[in-house]
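> Letter by letter, the chains look like this.
Number of protein chains: 2
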Amino acid sequence: MKICIFGGDGFCGWPTALYLSSQGHEIYIVDNLSRRKIDIDLGCDSLTPIDTIENRLQAWRDVEGKEILFKHLDTAKEYQELVNFLEDFKPDAVVHFAEQRSAPFSMKNPKAKRYTVDNNINSTHNILCAIVELKLNTHVVHLGTMGVYGYGTAGMQIPEGYLDVWIETNSKEGLETAKKENILYPADPGSIYHMTKTQDALLFQYYNKNDGIRVTDLHQGVVWGTETDETKKDVRLINRFDYDGDYGTVLNRFMMQAAINHPLTVHGTGGQTRAFIHISDMTKCIEIALNNPPKRNDRVQIFNQMTETHRVRDIANMISKYTGVEVAYIDNPRNEDAENELHVCNDCFIDLGLEPTLLDTSLLDEIKNISEKYKDRCNLEKIICTSKWSR
Amino acid sequence: MKICIFGGDGFCGWPTALYLSSQGHEIYIVDNLSRRKIDIDLGCDSLTPIDTIENRLQAWRDVEGKEILFKHLDTAKEYQELVNFLEDFKPDAVVHFAEQRSAPFSMKNPKAKRYTVDNNINSTHNILCAIVELKLNTHVVHLGTMGVYGYGTAGMQIPEGYLDVWIETNSKEGLETAKKENILYPADPGSIYHMTKTQDALLFQYYNKNDGIRVTDLHQGVVWGTETDETKKDVRLINRFDYDGDYGTVLNRFMMQAAINHPLTVHGTGGQTRAFIHISDMTKCIEIALNNPPKRNDRVQIFNQMTETHRVRDIANMISKYTGVEVAYIDNPRNEDAENELHVCNDCFIDLGLEPTLLDTSLLDEIKNISEKYKDRCNLEKIICTSKWSR
Numbered sequence: 005m006k007i008c009i010f011g012g013d014g015f016c017g018w019p020t021a022l023y024l025s026s027q028g029h030e031i032y033i034v035d036n037l038s039r040r041k042i043d044i045d046l047g048c049d050s051l052t053p054i055d056t057i058e059n060r061l062q063a064w065r066d067v068e069g070k071e072i073l074f075k076h077l078d079t080a081k082e083y084q085e086l087v088n089f090l091e092d093f094k095p096d097a098v099v100h101f102a103e104q105r106s107a108p109f110s111m112k113n114p115k116a117k118r119y120t121v122d123n124n125i126n127s128t129h130n131i132l133c134a135i136v137e138l139k140l141n142t143h144v145v146h147l148g149t150m151g152v153y154g155y156g157t158a159g160m161q162i163p164e165g166y167l168d169v170w171i172e173t174n175s176k177e178g179l180e181t182a183k184k185e186n187i188l189y190p191a192d193p194g195s196i197y198h199m200t201k202t203q204d205a206l207l208f209q210y211y212n213k214n215d216g217i218r219v220t221d222l223h224q225g226v227v228w229g230t231e232t233d234e235t236k237k238d239v240r241l242i243n244r245f246d247y248d249g250d251y252g253t254v255l256n257r258f259m260m261q262a263a264i265n266h267p268l269t270v271h272g273t274g275g276q277t278r279a280f281i282h283i284s285d286m287t288k289c290i291e292i293a294l295n296n297p298p299k300r301n302d303r304v305q306i307f308n309q310m311t312e313t314h315r316v317r318d319i320a321n322m323i324s325k326y327t328g329v330e331v332a333y334i335d336n337p338r339n340e341d342a343e344n345e346l347h348v349c350n351d352c353f354i355d356l357g358l359e360p361t362l363l364d365t366s367l368l369d370e371i372k373n374i375s376e377k378y379k380d381r382c383n384l385e386k387i388i389c390t391s392k393w394s395r
Numbered sequence: 005m006k007i008c009i010f011g012g013d014g015f016c017g018w019p020t021a022l023y024l025s026s027q028g029h030e031i032y033i034v035d036n037l038s039r040r041k042i043d044i045d046l047g048c049d050s051l052t053p054i055d056t057i058e059n060r061l062q063a064w065r066d067v068e069g070k071e072i073l074f075k076h077l078d079t080a081k082e083y084q085e086l087v088n089f090l091e092d093f094k095p096d097a098v099v100h101f102a103e104q105r106s107a108p109f110s111m112k113n114p115k116a117k118r119y120t121v122d123n124n125i126n127s128t129h130n131i132l133c134a135i136v137e138l139k140l141n142t143h144v145v146h147l148g149t150m151g152v153y154g155y156g157t158a159g160m161q162i163p164e165g166y167l168d169v170w171i172e173t174n175s176k177e178g179l180e181t182a183k184k185e186n187i188l189y190p191a192d193p194g195s196i197y198h199m200t201k202t203q204d205a206l207l208f209q210y211y212n213k214n215d216g217i218r219v220t221d222l223h224q225g226v227v228w229g230t231e232t233d234e235t236k237k238d239v240r241l242i243n244r245f246d247y248d249g250d251y252g253t254v255l256n257r258f259m260m261q262a263a264i265n266h267p268l269t270v271h272g273t274g275g276q277t278r279a280f281i282h283i284s285d286m287t288k289c290i291e292i293a294l295n296n297p298p299k300r301n302d303r304v305q306i307f308n309q310m311t312e313t314h315r316v317r318d319i320a321n322m323i324s325k326y327t328g329v330e331v332a333y334i335d336n337p338r339n340e341d342a343e344n345e346l347h348v349c350n351d352c353f354i355d356l357g358l359e360p361t362l363l364d365t366s367l368l369d370e371i372k373n374i375s376e377k378y379k380d381r382c383n384l385e386k387i388i389c390t391s392k393w394s395r
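These protein sequence lines are chains A and B, in that order. Each residue of the first sequence is one higher than the last, beginning at 5 in the working numbering. Each residue of the second sequence is one higher than the last, beginning at 5 in the working numbering.
Calculated from the structure, these hints are not laboratory results. Predicted, not measured: the structure shown is a model, and the values here were computed from it. A portion of the hints provided could be inaccurate.
Cross-link-like lysine-lysine pairs, in silico, DSSO-like; alpha carbons within 27 Å at most [what the hints assert, rightly or not]:
no.	chain 1	residue 1	chain 2	residue 2
1	A	Lys-115	B	Lys-81
2	A	Lys-81	B	Lys-94
3	A	Lys-112	B	Lys-139
4	B	Lys-184	A	Lys-115
5	A	Lys-115	B	Lys-112
6	A	Lys-392	A	Lys-372
7	A	Lys-184	B	Lys-184
8	A	Lys-94	B	Lys-115
9	A	Lys-139	B	Lys-115
10	A	Lys-94	B	Lys-112
11	B	Lys-392	A	Lys-213
12	B	Lys-379	B	Lys-41
13	B	Lys-379	A	Lys-115
14	A	Lys-81	B	Lys-372
15	A	Lys-81	B	Lys-115
16	B	Lys-184	A	Lys-112
17	B	Lys-299	A	Lys-81
18	A	Lys-392	B	Lys-81
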């Protein structure tokens, strides 16, 4: 399959590109390297010493004998270059990671809010608009987020994208006249970042309805872990690991903190329940999605891309038990419920063959192999989240 | 009340600015004059000879003795200037018309699609972001569209913004365990333009939830008519009248066609039912919305801003009967059902005192006073819609 990976230099994009290449697909990475530049602005760096994209691709040729191509292009700003690229490459599928993906960063200040909205919406729209302009039959696989559902679901299991509801169909009040409809799950985003994913969803619904574009939207949980079988093959292939308050996902931040004996910083009571997925499983899910595209005229296909749920404090306590590092409860910078339940349906991926890598069996290896190994590269001042949700 | 009118030089914005000024409010128009520039690009012009914004404001001083201020500013692109302006003026309310508002234009080509998304989303987001940055308590009144609801509502009356639904709350199938929820009406936009308004709605929901911004979103029907009591006071105050295939709303196009004895061009069977409102009523609705803001911590307030519904062919036949001009059925450029029912709730505005100007009593005056008076300015080549929805 000819596959373009938008955002293929990033935390999820890079291991996905390698995995799909290892499976024999023809891979073209398109990236503007914005994630590396945001590091510069934030004065942070990946804990792991990531190599340049050129050296990464050379390493892949060296160890795997496979060619991954790279195009430096801003999907949000360089539309004509995007059209020219797609016209030349004619991908069977694109995987779209080319969005600003940190919720805390998206709440940092007006500039970051505006960048997130402008970049994410225009990036998604340009990709869809170009595919229509070129009359391609390309399958669009998009990385969404579990955060589109909100966390106030009161014990109900979250379905995969769509929700059965009953609606009254005439003026007679009551359920006896209600009609069953299957609607897009009502959006309830918890940050500007999450909101852009709910706006993306409307773009997908519209372009699917009007132009018949085939879309799979993956509502992903919090990704944890760093390395995959592919990124381990050469140190030049190492994936990025973010531990800072803005880009470090919760589990990776805890692993880093444990490695340097810094208290595990839990926001609020830690009663927030979140969905998780290991980075290797993420790459497998993308492959499954690529192998199972919607049919022509199917609606947007939505899968929940997660394998388990945990409360934040339970994860902190688990790591504390393994490592002896204490847990510190600090003020929650987010506007959210202190405690929430979360039950998520992930039948689609399980039925299609995903075998989950679970947290309690793999966590210690991750801490040893990444956090401890590179702990001297950690900048202690960047660990705490300084973005605040409320004025 | 100190009121800023974003897009106050446009078809709806201009008469709104005059009406609110006539009612004693302090008005500041902010506009980048983009609508006039789009005319240049399309090779069209308003049927009515609209004056420059400077002459318009001078005329208002002359005839009414009132000062309306004007700032040339692009809300989508000039964020810091927007912040500086709002910090100086500190409006009690803003009325936000600053969006590309033509559905056919938004479907014209990739450039127009991309402009519509980029302009509309960033314009709305910048206004919200600036109000939060400045910690203002400004009420945001936004012009939305009936088109966010879609037209496949199968006989159900469209409520005002939110919909009662029943949702199963546990694994037990069936209605006996369902829980009633009031959700944002599921979006079903019919064009890129309409889609941007559904994305705006998510911005409002988010900024209302996270930052407590008070928002009233007005889901407006098709506006018809041209002049209001205020714009009639001096020829320099005349409002724009669009009759071209992109910007001419259906009723105004028919009136123009009737005036020049051009067949009334009905798309498809003309079985599309649409909601309508006269331009004078539109200005009254804005005033009612301004006088009835949501309270602090209220959710986004949504009103349906329309007074009557008609099938397109019925309107064509009505005008044909009045004028003797024939009706021509042409291919529908849109992707939409050939026929639809539409029942709309507008209780909010009626309960708050709106007295509708109805179509069958005012239509002939409009044709005589505008379409016939200025028919020599019509460019016949611009009447037909050339934008197509499908590739």
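> Each hint should be assessed against the structure and marked as holding or not.
These are the hints, each one checked on the structure:
1. A:Lys-115 - B:Lys-81: Between Lys-115 of chain A and Lys-81 of chain B the Cα gap is close to 13 Å, so the pair holds against 27 Å.
2. A:Lys-81 - B:Lys-94: With Cα atoms ~33 Å apart, Lys-81 of chain A and Lys-94 of chain B exceed 27 Å; violated.
3. A:Lys-112 - B:Lys-139: Given pair Lys-112 of chain A, Lys-139 of chain B holds - Cα atoms ~16 Å apart, limit 27 Å.
4. B:Lys-184 - A:Lys-115: Outside the cut-off at roughly 39 Å; violated.
5. A:Lys-115 - B:Lys-112: Distance of about 32 Å is beyond 27 Å: violated.
6. A:Lys-392 - A:Lys-372: violated (32 Å)
7. A:Lys-184 - B:Lys-184: holds (14 Å)
8. A:Lys-94 - B:Lys-115: Distance ~21 Å between Lys-94 of chain A and Lys-115 of chain B Cα, so the pair holds.
9. A:Lys-139 - B:Lys-115: Answer holds: Lys-139 of chain A to Lys-115 of chain B is near 16 Å, not above 27 Å.
10. A:Lys-94 - B:Lys-112: At roughly 24 Å apart (the allowed maximum being 27 Å), Lys-112 of chain B and Lys-94 of chain A satisfy the hint.
11. B:Lys-392 - A:Lys-213: This hinted pair holds, its Cα atoms lying about 15 Å apart.
12. B:Lys-379 - B:Lys-41: holds (22 Å)
13. B:Lys-379 - A:Lys-115: Between Lys-379 of chain B and Lys-115 of chain A the Cα gap is close to 48 Å, so the pair fails against 27 Å, i.e. violated.
14. A:Lys-81 - B:Lys-372: Violated. Lys-81 of chain A to Lys-372 of chain B sits at ~48 Å, over the 27 Å cutoff.
15. A:Lys-81 - B:Lys-115: holds (13 Å)
16. B:Lys-184 - A:Lys-112: violated (36 Å)
17. B:Lys-299 - A:Lys-81: violated (39 Å)
18. A:Lys-392 - B:Lys-81: Holds. Lys-392 of chain A to Lys-81 of chain B sits at ~25 Å (cutoff 27 Å).
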